[in-house]
Structure formats: C-alpha cells, structure tokens
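Visitor: Taken in sequence, the protein lines are chains U and G. Okay, so the first sequence: first residue is 285 according to my numbering, each after it adds one. Okay, so the second sequence: first residue is 282 according to my numbering, each after it adds one.
If you are wondering where the hints come from, they were derived from the structure by calculation, not from laboratory data. Treat the hints loosely; a few may be bogus.
Once the Cα atoms are required to be at most 30 Å apart in a straight line, the calculated DSSO-like pairs of lysine-lysine come out as [stated by the list, open to error]: (1) G:K520 x G:K436; (2) G:K437 x G:K304; (3) U:K287 x U:K502; (4) G:K518 x U:K502; (5) U:K502 x G:K436; (6) G:K528 x U:K502; (7) G:K518 x G:K528; (8) U:K502 x G:K527; (9) G:K437 x G:K527; (10) G:K304 x G:K518; (11) G:K437 x G:K520; (12) G:K304 x G:K527.
Here the structure is a predicted model, which is why all the values come from computation and not from measurement.
Here is what each chain is made of, one letter per residue.
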Amino acid sequence: MLKVFCRCFFSDLYVVFRSTREWLSPVLFFMIFVALFGIGLGFDGQQLIQISPMIIWVAFLLTSLFTTESIFRADLEEGILEQLALSPYPLWWLLLAKSFAFWIASSLPLMLLMPFVGIMMQLPVKEIILLVVTLFLGSPAITMVGVLGATLTITLPRSGIFLGILLLPLYVPILILGQSAIINLFSQTLPLFQIALLGAISLLCITLIPHAAAAALKTAMNE
Amino acid sequence: MSHFIQYLIHLGTPRRFYHFCGKLFPWFMGFSFIAMAYGLIGGLFLAPADYQQGDGFRIIYVHVPCAFLSMFIYMTMVIFSTIFLIWRIKLADLIAYSIAPVGAVFTLCALLTGSIWGKPMWGTWWIWDARLTSELILLFLYLGYLGLYQAITEKKLAARMCAILAVVGAIDIPIIHYSVYWWNTLHQGATISQWGKPAIDMTMLKPLLSMITGFALYTMAISCIRIRTEILQRDFKLKWVNVLVKKINERH
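Bound conformation, chain U alone (with noise of 0.2 Å):
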C-alpha cells in the first residue's frame, strides 16, 4: 500500500515540475496579486500592515481556486483517472497520494516565497512566521476541498467561476480561522487556539474528503 502511494506521489511530482509552466504560473500569479495590492496601496506603511496578512491569505486562496480547475484535467484527457479507478487499490489512497503531490507542488512554493513576500509587504519576522504556521497548517484542507471540487465538476466542460460558488463556502472557516490568528498576534496573543482548530480542520479534510473525492470521481468514470 505504501508503495503504491509513493509510486503515485512521486510520479506525480514528477509530470508536474517537470512542465515549469504547470508550478510556475501559479506562483507567479499569486506575486502579481500580492504586488499590486502593494502598489494600490501606496506608500502608507502602516497600513499596510495592518491589512497585509489578510491580503495574503485571500490571495493565497484565490491562487489555489485558479490551479484547482487543473489538477485532473490532464489526467481525465489521457484516461489515467480511468487506470486509476479500474486499479486494484484503493481509490481514495491514490487519491490521497494525488492530492498530497498536488497540495507540494501548488501550495509549497508559495510557503517557501512568504519570507519575501512579507518583507514586501512591510510585515515584522513574527507575523511572517506566524502566516507560514497558519497557512501550513490550513492549505492542506485548502487543497483536499479544492480536490473535491475539481472532482465533483469534472464532467463540465468549463468550470472556472462555477468551482468558485462551489468552494467559496468550504473555504470560509480556514480563512475566518486564519484571519483571526493574525487579529490575535496583533493584541500581543500567542493564537494556539486557532491554530489547533486549523490543524483540526485540515486533519479532518485529509481523513474524510479522499473518499467523498474517490465516491464521486467513480460516479463519473461509472456514467
């Protein structure tokens, strides 16, 4: 079981840095939405940093809501998700497997620039790493209810706009959680509570979504 997990992680991880496009695109995205948010704020440091964490954090959902759309369609066009479902094992480990090198190759690259994003942004060292614990420990239920939806929406042709409406409420608790961690530390507050509940969450994402994901990907392969 575990092999096959690895075998899956990795020759995923592999398809995806392999096209620099597929990882760079995101992140470079993710810059942009960041930098102009910088810019049309202008030369007001302060409050920048008031604001800034949050700015971050809806960009950082709006980056993953822009890759979710993709992380099967290639898959679906050259009939791996079919190999997949047809396997021996189950599916919802392959699943896993899938999402574990997709949450890597989309979210971890974004992680490793907040260091100098926030140094753009005009936030001290605490808050930065703060946002790199919260958004370590939200981004993997980010990815699996992304997983989710790009599994529910994936007989629709265009789903772009529509996944929005679909995910939108699933993401709200990790945002409000995420939000209310950075509020916290500016009251002079360690937020360990937020941010056990936000590990709780993504906890919670990783056990249950895989097999909603695998329930529905098979309706679809079924159909």
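Chain G: place on chain U using the hints.
Guide: Below, chain G alone, put in the same frame as chain U:
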C-alpha cells in the same frame, strides 16, 4: 414495526408518493395557517413590547422561524442525500432537490429580516459577524448545490454528485452553530435552548414557537407541491403520468 416498514416501502415508489403528497398537502396548509395566525396575532398584538428594543423585537416572529428553517431544511437535505447515497433510493434525492430552493429562500429571508432589524438595533445593515457570515455561506451552499445540479446534464450523475456535496457541506452546519462561541460576535446567543429555562417570557415564546411550527408546516406543504411537480417531470415518459395528465385534461 414490520407493518410500518412495509408501509414505507409501499410509499417508496414515485407514483404512490405523488398521491400521498397530494393527500397531505391540504392538512399541512390548513394547520400551518392556524399556527401562523395564532403566532402573528400573539406576536404582534398580545405579546408585550421588549423593555430594551420596544416593538422592534417583533421581527423575530419572522426572522427566527426563517433562520431555524434555513438550517433545518439543510439538515433534512443532508439526511435525504445520505439515504440516497447509501440505499440508492431515487425518491430521497428527489426530495432533497425539491426542498433545496425552499431552504435557499428562507436563508435569504433570514438575512434580509436580520438586516432590517440590525439597522436600528446595531446601527448597521451588515456586519461580518459569525452568524451572519455563516448564514450567508449557507446561502452559497444552497446555490452551489442547485447550480451543480443544473450544470451537470446527466441527471443520475448530478444526483450523486450533489448528494456528496450536500453531505460535505453539512460540516458547515456545526461551524455555524459553534461559530457564535469561537468568534467574537455581535449577535446575541440563542434565545431558546433545549436545556434550561429559555431567556424569554412565555407570552413572547408561545407565539414564536407557534410561528416556527407554522413555518415548518408551510415548508412541508410547499415541498409537497414541489415534490409532486418534480415526480411528474422526471417520470413524464411513464404510463401512469400520461394517464393522469389525460384525466386532468378531460376534467377541464
């Protein structure tokens, strides 16, 4: 018990359920009318004005039933979606799909009445408070569900996908409930709790409960119509539907 189960199975075919709903409809409508009439008279005229909010509080006689039903209908949808996912009973999916728009409208009503109440009481139409946000998100969940159902052209597939979405979205309901405690909030706590003494006088509470019952019965009545229509639309090729339509046409 086994008689009851047999009766349920007996009801499980769309044709029987169509007639069953037709029989229930006048009862639901009638009792809902009585309950709402008592609730409105009791709430708007008999109940005393609130010592803080004056007569402004009376909007709860619409707001609370709407908010309650918006969540209750979603829960019902989730239960029927689960039944559909586990036992593949087509009727369960049909019921879930039929009541979803009703829930969406109640959610919208709860948001609007809350907003109207909020302007004089809190001094703002809208605030990103926990309950308001969750209610808005509930509306998005309903819209996402309905949108997905219409977007997928293959109806069997749409039913399964939407059932999965509804069940996943159900995680949102406890978050709505607990967000009041989790997040700093402006919205007051729940007025009626299952345990302990309610924080509201009996003369105000009785009409409120009556209104909630009335709204719930009204929802069921409306659902009966929607379910009947949906059954006819889905089974339009079957013989019994054609016979029925012919009979109705002859009568007119």
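Visitor: Hint check: K437 (chain G) vs K527 (chain G), CA-CA at most 30 Å. Holds or violated?
Guide: holds, 28 Å
Visitor: Holds or violated: K287 (chain U) and K502 (chain U), Cα atoms, limit 30 Å.
Guide: holds, 23 Å
Visitor: Taking only the CA atoms, is the gap from K528 (chain G) to K502 (chain U) under or equal to 30 Å?
Guide: Outside the cut-off at roughly 42 Å; violated.
Visitor: Quickly compare the C-alpha distance for K518 (chain G) and K502 (chain U) to 30 Å and report which way the hint goes.
Guide: Roughly 28 Å separates the two Cα atoms, so the pair holds.
Visitor: K502 (chain U) and K436 (chain G) were given as a pair; does the straight-line alpha-carbon distance stay at or below 30 Å?
Guide: Since the Cα atoms of K502 (chain U) and K436 (chain G) sit roughly 16 Å apart, the hinted pair holds (cutoff 30 Å).
Visitor: CA of K304 (chain G) to CA of K527 (chain G), is that 30 Å or under?
Guide: holds, 20 Å
Visitor: Is the hinted pair K518 (chain G) and K528 (chain G) satisfied, with a Cα-Cα distance of at most 30 Å?
Guide: With a Cα-Cα distance of about 16 Å, the restraint between K518 (chain G) and K528 (chain G) holds, given a limit of 30 Å.
Visitor: For the pair supplied as a hint, K502 (chain U) and K527 (chain G), confirm whether the alpha-carbon distance does not exceed 30 Å.
Guide: violated, 41 Å
Visitor: What's the verdict on K304 (chain G) and K518 (chain G), does the C-alpha distance respect the 30 Å limit or exceed it?
Guide: holds, 24 Å
Visitor: Is the straight-line distance between the alpha-carbon of K437 (chain G) and that of K304 (chain G) 30 Å or less?
Guide: Given pair K437 (chain G), K304 (chain G) holds - Cα atoms ~29 Å apart, limit 30 Å.
Visitor: Just to be careful, I want the Cα atoms of K520 (chain G) and K436 (chain G) compared with a cutoff of 30 Å; is the pair within it?
Guide: Holds - the C-alpha atoms of K436 (chain G) and K520 (chain G) are around 21 Å apart, at most 30 Å.
Visitor: Is it true that the CA of K437 (chain G) sits at most 30 Å from the CA of K520 (chain G)?
Guide: OK: K437 (chain G) and K520 (chain G) at ~21 Å, within 30 Å.
Consistency note: the structure conflicts with the earlier hints numbered 6 and 8.
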